[in-house]
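Protein sequences, first through last, are from chains A and B. Quick note, our numbering runs 1112 ahead of the 1-based positions in the first sequence. For the second sequence, counting from 1, position 312 maps to 307 in our numbering; every step adds exactly one.
Rather than coming from a laboratory, the hints here were simulated on the basis of the structure. There may be inaccurate statements among the hints.
Unchecked claim - Going by beta-carbon spacing under 10 Å, a handful of chain A positions derived as facing chain B:
hint : residue
1    : Leu1207
2    : Arg1222
3    : Glu1291
4    : Ala1376
5    : Pro1378
Claimed, not checked - Label pairs and their computed distance ranges (CB to CB):
hint : chain 1 : residue 1 : chain 2 : residue 2 : range
6    : B       : Phe180    : A       : Pro1197   : 31 to 37 Å
7    : A       : Asp1286   : B       : Ala10     : 58 to 64 Å
8    : B       : Asp132    : A       : Gly1226   : 21 to 27 Å
9    : B       : Glu304    : A       : Leu1370   : 51 to 57 Å
10   : B       : Val267    : A       : Gly1277   : 49 to 55 Å
11   : A       : Val1265   : B       : Asp132    : 44 to 50 Å
12   : A       : Ser1115   : B       : Leu149    : 58 to 64 Å
13   : A       : Pro1371   : B       : Ser203    : 55 to 61 Å
14   : B       : Lys185    : A       : Leu1373   : 38 to 44 Å
Glycine is no exception: its CB is placed at the ideal position from the N, C-alpha and C atoms.
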Amino acid sequence: MDSVVANILNGLSWGMLLFLISVGLTVVFGVMGILNFAHGSLFMLGSYFALQFVRWVGSFWIGLLLGPVIVAFLAILIERFLIRPIYSRDTSLQLLLTFGVMLILDDGVRLIWGSAYHVVNPPQILSGTIAIFSGTYPVYRVFLVIAGPLVGVALWAFFTMTRWGKTLRAAAMDRRMAEIIGVRAPLLFTLVFAFGAWIAALGGVLAAPHQSVGPAMGEHIIIESFIVVVIGGMGSFPGAFVGALILGLMNAFGATMLPDLQMAMPYILLAIILLARPRGILGEEL
Amino acid sequence: MRSYKNLFLWFFLLAALASVPFLLPVYWIMILTEILVMSMFAMSFNLLFGYTGLLSFGQAGFFGTGGYLAVLTLLHGSTSIWVALVAGVLGSGLIALIIGWLCVRRDEIYFAILTLGFGMMLFTIAHNWRSVTGGSDGLGNFSVPEVDFLGVVLTLADPKIFYFFVLIIVLLGTWLLSRIVNSPFGLLLKAARENSNRIAFIGANVRSLRLFAFVIAGALAGASGVLFAMFNRIASPEMLHWSFSGKVILMTLLGGSGVFFGPAVGAAIFFVLEHIITSFTTNWMIFLGIILVLLVLLFPSGVLGSLLETWGRIRKGHKL
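Same shape as in the complex, but just chain B (with noise of 0.2 Å):
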């Protein structure tokens, strides 16, 4: 029964998204494609902070890592999509092996300040090493690629095709995220957030548990950054730096991290908001630091994670 009601819920999710490019002006498919794209950023985040119970401020310099080498990849290698998409996920993950490695050792604030350091540090390289990465300027100016789709070349310059393939990958990400915290190993992961002293008396290695978590999430952050970076036309220093990382973190926790979709919910409600501050003041972050403050003080479970639990509790007969 509640896998029908699940398979609906897919269903309908699949044809509202699928039928949107029909039905907005351009605009708004860049803004819902923008969404989509930090939605995927955003879950693949919760993958560590709302199911491992580690806090990472380093998430961007994965995603600015994926952005950077699928633009390098299409400037002095391949022409080709797949192949700068391939660069990208492998690398960032690659990267986030060698970091994570570092940075499981310890946790909870240690692990938020190591991974803050080493993104900062990423960020230092895309920012000083100029002859590869342009230094402050950023990569651009490389030429759009197209996908042959059936034998039909289409082009990623045209925003509608474009949404389409952000939706295609994005889906995929999502469809891999989502078997990951259903499977055993997810509920590991869970279980090692509860308690992990008690999952290493048991005989899991909570560390090499942590690792790949945090390799997985670095890979998709970089998948993410592949897109962002064909989105925007540039990769720039700005996707490695920790403010980046913190964005992140503010969607997942406006959606709630408690729930599989909550960060992209949150990621979508960031970007309205976003729109309608910054269309009457410039001083956009002081609105950010007050939701951040009052979201932890008063709604720590995030907008979605709180509809549901009021949701839950009519269902049950509860007074409110």
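So here's chain A without its partners, still in its complex pose (with noise of 0.2 Å):
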């Protein structure tokens, strides 16, 4: 019982770190049609901001609150300088120069922070166990599960209640008829790279505490949420909620039950889901 708790709470959390960084790659994709590679990355870059925060003043909120903006404005001169004249050509560019920014900016962590893996505490108030039936578990971990969710429904919430979350949605369905009517699209479009990005960060953030950070941080989230939005359907909100979640608990039951097959399962899912429904579970007819 203990165990299966244990697991359900591991995966929950993995899978909420997960959905905060699928969700900005699926927003992207739909809106403006570009698949970010460098995606993983910008995720990376604010767990490490959560490390130089902590370094400095000694305060996680802070990080919190200002790395997810640092790397926002970092996102608006990538795709104000390097993806902007490159919107009319061929998909695979597209991709592969982001592929191109992943490695600059994997590198540059590098470069400023060591290939060291470093670890970064909970505050204070999140720190220590909690006693959950008869074991004890981590209070950031059910933090995590605690906070995903919020997240999500404030997402949610924004996406379907207000104007700019409408405008979104219109400009991700049909970018003409949104500029016919009014929308600026090349504004919105760096917008919606920066809240991307914004999210992305955030979950780098509060992944911190949670794994060490290194510099493949990036490179190793980012095929794991590839595989999210695939499965849950490229462009979906929902979808990548659901994907998140399978894949997360997939993950943690995956590595106490199946051990040997545990690193292998995420693609077998792919696999199937391919085959069986192409568009993924929540995407839209192709």
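These two chains come separately, so use the hints to put the complex back together.
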């Protein structure tokens, strides 16, 4: 019983981080048609900023507040100067450009912070463990499990209830029509890209106390989040949520029940979804 | 007229490549061997990317599969390089058939993600299946095979002999690729790249066209992997990692994906750049990234592609 609860909590907390990175990926793809390879690196930058702010001012919360904003500004520069010139070009070239950005960011991090792994402690109020049934469990993971859905609900409310969110969805549905009725698409694209980066970096800051912070974390998570968005359905917001939960839970249960197969399981799932439902669980008709 | 010129070009290239071992020191022979191996790998990738319009991020998976299968054959089966080579090529072709069958269902970005995913699945197998693959240490410790050439037994441990061995295999692979690209089938591939709906309308099966290209590319990637593993005396999981696929993509773009020999030129430039840049910094990836970004933004047709375009404009008498 204890191990089942622990597995569920582990799966949910990892799933929540996956959701935070996948949602930006899928929104950027839905609106701009760009699959951002460097998205995992933006997540990683969030973690490094968490580390740096803890070093500078000793506060995790300031990192949580400022880290994602800095990453979002960096994303604005990337969109404005690198991605904007190639919107009309082949999708393969767009993918390769973001791949190049990823190489630069990943190695840039190595240059600044070194290639060693770092540990970020959770803030005072979220450290320690709590008793669940007869076992104990880290408070920070419980916090993640609660924070994830809150962020999800906030995003959902933003997309369905605010004018900005509706404009975004309109542009994702039909960019030309949105432009005709007066949406300034270039500005919107920049903001969407920055927004995706902000959420990814938010996930990165939240991930810092959950795992060790190192230069390979970006390329590790980007593959899993690619799988999440394909499983859930490219461009689908609820799809990213469902896909992230499935992958997170599968990771946690796989690690204890089928340790030999655990690392191959996401790919097997990917193959099954591809054969049975190519558009993804909640994806739109192809 | 044109074919005579081509023949002359081929002859010149062959003569140059064949005379190299007698002119250069061993160090450069080895670098040239590596360039040849990666050239074949990059050209096989370009059958998918440049000619079929499919960006695969998983070619390293087949490259590594070929390498591992060859080393496994040498360790547990036969000591013949030919058996190992055939095992590597057939094995990676078969894996490419299975993975390709899944991946050609989607194209563009989806294809890139799927190949990336399944390539990493192969990496995971090589990395985690310790009892067979040796895990992260890789698989080495095999005795370098000998080849029986017209009754003369030669050892591949000699860099010069190994160079000629690689040269012959790479030439065969290149010849096969050029035959495919210039055949009616190659024309169909290019047409499907431009407009897959139209090709479907005239009655061709786009999926099987793409699958066939995928299997050929996978098998040749496997052959390159066999040579690479022989060259390094080890098959290691890094050979299957997606960053290795990224390297090959970069070589192809560097030389030019629109030209048949573009990827080979790209491979050569890549190694020269790597030698220069790693001599003063360990952060070579950041330079790779900058080069890739500049290529995509400013020179999407690559070095050889841009040169040929310029040459074409000069010949037509246009201003530069």
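Here's how the hints hold up against the structure:
no. : hint                               : in the structure
1   : Leu1207                            : holds (6 Å)
2   : Arg1222                            : holds (6 Å)
3   : Glu1291                            : violated (23 Å)
4   : Ala1376                            : holds (6 Å)
5   : Pro1378                            : holds (8 Å)
6   : Phe180(B) / Pro1197(A): 31 to 37 Å : holds (36 Å)
7   : Asp1286(A) / Ala10(B): 58 to 64 Å  : holds (59 Å)
8   : Asp132(B) / Gly1226(A): 21 to 27 Å : holds (25 Å)
9   : Glu304(B) / Leu1370(A): 51 to 57 Å : holds (54 Å)
10  : Val267(B) / Gly1277(A): 49 to 55 Å : holds (51 Å)
11  : Val1265(A) / Asp132(B): 44 to 50 Å : holds (47 Å)
12  : Ser1115(A) / Leu149(B): 58 to 64 Å : holds (60 Å)
13  : Pro1371(A) / Ser203(B): 55 to 61 Å : violated (39 Å)
14  : Lys185(B) / Leu1373(A): 38 to 44 Å : holds (41 Å)
In this structure, the earlier hints numbered 3 and 13 are contradicted, and the remaining ones agree with it.
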